[in-house]
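Enquirer: Need the complex rebuilt from these two chains, each delivered in its own frame; the hints are there to steer you.
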Amino acid sequence: MEQRLRNEAKALLEQGKVDWIIGFESGSLKFATTPLITKDKNDADRLVINPFMVNNLANFLTEVKGRVGIVAKGCDSRSIVSLMQDNKVAREDVVILGVPCRGIIDLSKVERLVGKERDELDDITREGDKVAIKVDGEKKEFLATEALFDNCLACEFPTPQEYDILLGEPSTSVVNKPAAQEKIEKLKEMTPEQRWEFWKNEFSRCIRCYACRNVCPACFCQRCFVEETEPQWVLPVPRWQDNLIFQIVRNIHVAGRCTDCGECERVCPVNIPLRSLTKEMYDLVDELFHYKAGMDKEAAPLLIAYEYAEAEDLFR
Amino acid sequence: MRQGTEWEPKLVGFLCKWCSYAGADLAGTSRKKYPANIRIIKVPCSGRVDPLFILKALRLGFDGVLVSGCHPGECHYQTGNYRARRRVAITKKFLEYVGIEPQRVQASWVSASEGGKFTEVVAEVTKGLKEIGPNQLFSQERQGDGTKAT
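Listed in order, the protein sequences are those of chains X and A. Using the working numbering, read the first sequence as starting at 1 and increasing by one per residue. Using the working numbering, read the second sequence as starting at 1 and increasing by one per residue.
Only chain A is shown next, with the shape it has when bound in the complex (with noise of 0.2 Å):
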């Protein structure tokens, strides 16, 4: 961050290629306006989402992670994106419970034709991170520890 400027929630997005990463496609090619704050990461699934990333990405210093796939039903793989529910929702919760603020962990449903969803999504996401102020979860303070979160 520089001097002088506004702190930015950075957000990273794990978006299934079927659907989300083509909807994210769509709300560009639509002009349509998303906030920056949000660092995409094509995957081939929503079940590709293994909860270690989610908690990598934390670690990295990410303000925030969003998981976005396909809708119940529509998933490219017949099961993926019902994996990644179950995942993602014990993972929000159990985060919830060892002290992590729910908002930080996000999950959607944003199909291929659903660009102006996303751009919604993100814009809601990234205002939520606005109102917690940064991720210094694992941040250094602690004592005699020289760790880089790099």
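Next up, chain X with everything else stripped away, as it sits in the complex (with noise of 0.2 Å):
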């Protein structure tokens, strides 16, 4: 799959059918892969696909101009898709190159799992349902399900939704919907001043570095609502209830664009549940509008889009 990637890449690049190939390298960290953004051939070689590609690379679709090859797993295709149901990148100017993902590696839930740095291990490996880690010689194996991001637990669209050259057979993931359920299913036991304590709690460690925000490649706002001076909607100073705004309406903004990549709850420096939040809009808008982000190129955008009646009950 990783040959053929970069020999797509390689072949793109050099019959100029795109500009640009946004892809995956390994990072300078220990099985961490990087970002790679560029224009030269010889770099295509440098392109990796491992079960540790984190980043969601729709993200930089907007920020280079001319035609793009870009890699994409399930959800980063439907970013990608539903940046175009937005018109903020044309189809004929994208290639996409789909990946059919597995789920990706958790190094935090693998670090517990084992119980030491990511440094000191040796390897790990995915086998089927299996992660199996090499360590001081030894290999240890684990359930897929308990080393994988919560989001890829949850994952209902593992092979890229939209692609042009699909690396590899069709997938399926490893689900445990309960497991990715979990903290909002507490949250929904909670009493609604528990909940409201729970978020405050949350956000008065929030420092305000809008990681989540930049990360989201449903958040394209050329500027946003938090810098707006005239008038000022929240302070720019890290207070738990801007805090608390900031993120409440980020995510009403990105409602039916959000595709559940979980790359706001990866960046989070203070590790605050942020999918907690995302997650429960992602089902509230296909509960109410029956609305999937990132599904059809076509459909009109979920906030713009409706029908004469609808969540009537909601209304006088």
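Derived by calculation from the structure, the hints in this document are not laboratory data. The structure presented is a predicted model; accordingly, all values stated were derived computationally and were not measured. For each residue, glycine too, the CB sits at the ideal point set by N, CA and C. There may be inaccurate statements among the hints.
To be verified - Chain X stretches covered by chain A per the calculated footprint, using a threshold of three residues with CB under 8 Å from any CB of chain A:
| id | stretch |
| --- | --- |
| 1 | 195-204 |
| 2 | 242-251 |
| 3 | 281-293 |
| 4 | 297-304 |
As the list claims (entries may be wrong) - If the Cβ cut is set under 8 Å, some of the chain A residues that face chain X in the computed set are:
| id | residue |
| --- | --- |
| 5 | Arg59 |
| 6 | Leu60 |
| 7 | Tyr82 |
| 8 | Arg83 |
| 9 | Ala89 |
| 10 | Lys93 |
| 11 | Val98 |
| 12 | Glu101 |
| 13 | Trp109 |
| 14 | Val121 |
Expert: Structural data, given as structure tokens:
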């Protein structure tokens, strides 16, 4: 799969079909990958495909000019389609190199499983439903569901929905929906006061670095409301009230664009369980309007589309 | 609030200028009485209401927010109220999940001829707000937090 990707990427650049290739290369830290954005066909040999390619590369699509060949997992491809629905990118300007995904390994979960830092591990490989970890010359096996990101456990479409070249056979993901939904279910059992208290506590940690917003392919406003000064909607200093309003409104703004790629939660430096907000919104739009983000490039975006009668019970 | 007086909820109403605002006007010219708890803000269309407005109002200490626009099919701009409907619906449901009482975010369809309905809506919403009490969601009692909600 990896070799095929390199060949395809090289060919695309050589034939001038694309100006840019956006993919993954090995990062400087062990196991980690980092985005590779290049115009040089010789760089194609640095492209990798492995279970550590966390980033949602759709985020870079709006930042480069020209035609782009982009590596996309299932969730990423939906983010790309979502951008097309919003007329942020044109279909003909993108060559989607689809990667059938089997779930991305969460290195922090692996560290917790084996009780060691990632630097001390020799190797991590995915074997069927298992994740094999080699440490001190010893091989330990764990269920994949224990080592994958939460959002991967709830993955509905691991194979890209929209692609030009599919690198490999369509895949089925290893899902464990109860585990992926656990935090949200716990919150729903609480009283509204307890839930508010919970978020109050979580967001008093927020430092307003805006990593969640910047990493989000659905957050593409040129000017975010938090930076507006006239009127100043929220104070720029990190106080829980404003932090929470920022995140609530961000979630409402990306409703129908969020594909549950889990990037916001992953990048949060203070580990706020942001996916407990985004996933709830994801389910909410499905429940209310039977809408799933990024499934159909011809469809009108959620907040533009309408039907004559819907959500009537919420209006007087 | 002055001492010795009963607490009255403060409600902010975002009313569409083509229907609900005129409806409120009609209520007034028809000498109909509705609770003075509502502070009306005229918007060009209910579709103008960004969920951010609702959050900002709650942040400023308003006890409730009412978004009111034209009945489905009657929007002056054809589709503004449909868009408002989707936005308000997800906002209401999502805020409920985060822990804000659903009574605080209200929406209604009131046409320019429905002065009577407008008084009813405001009365009902105000009654609901009195039941749940003052908005202390963003109040300041948290440790070392010197924010002023103004």
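Enquirer: Look at each hint and say if it fits the structure.
Expert: Evaluated hints:
1. 195-204: holds (count 7)
2. 242-251: As far as the stretch 242-251 of chain X goes, the hint holds, because 6 residues have Cβ atoms under 8 Å from chain A.
3. 281-293: Per the Cβ count (5), the hint holds.
4. 297-304: Since 3 is at least three, the answer is holds.
5. Arg59: Cβ of arginine 59/A sits 6 Å from chain X, so the hint holds.
6. Leu60: The hint is violated - leucine 60/A has no Cβ within 8 Å of chain X, the shortest such distance being about 11 Å.
7. Tyr82: This interface hint holds because 3 Å falls under the 8 Å limit.
8. Arg83: At about 6 Å, which falls below the 8 Å cut-off, the nearest Cβ of chain X leaves the hint on arginine 83/A intact, so it holds.
9. Ala89: Holds: closest Cβ of chain X sits about 4 Å from alanine 89/A, inside 8 Å.
10. Lys93: holds (5 Å)
11. Val98: Hint holds; valine 98/A Cβ to chain X Cβ min 6 Å, cut 8 Å.
12. Glu101: holds (6 Å)
13. Trp109: holds (6 Å)
14. Val121: OK, holds: valine 121/A within 8 Å of chain X, min 5 Å.
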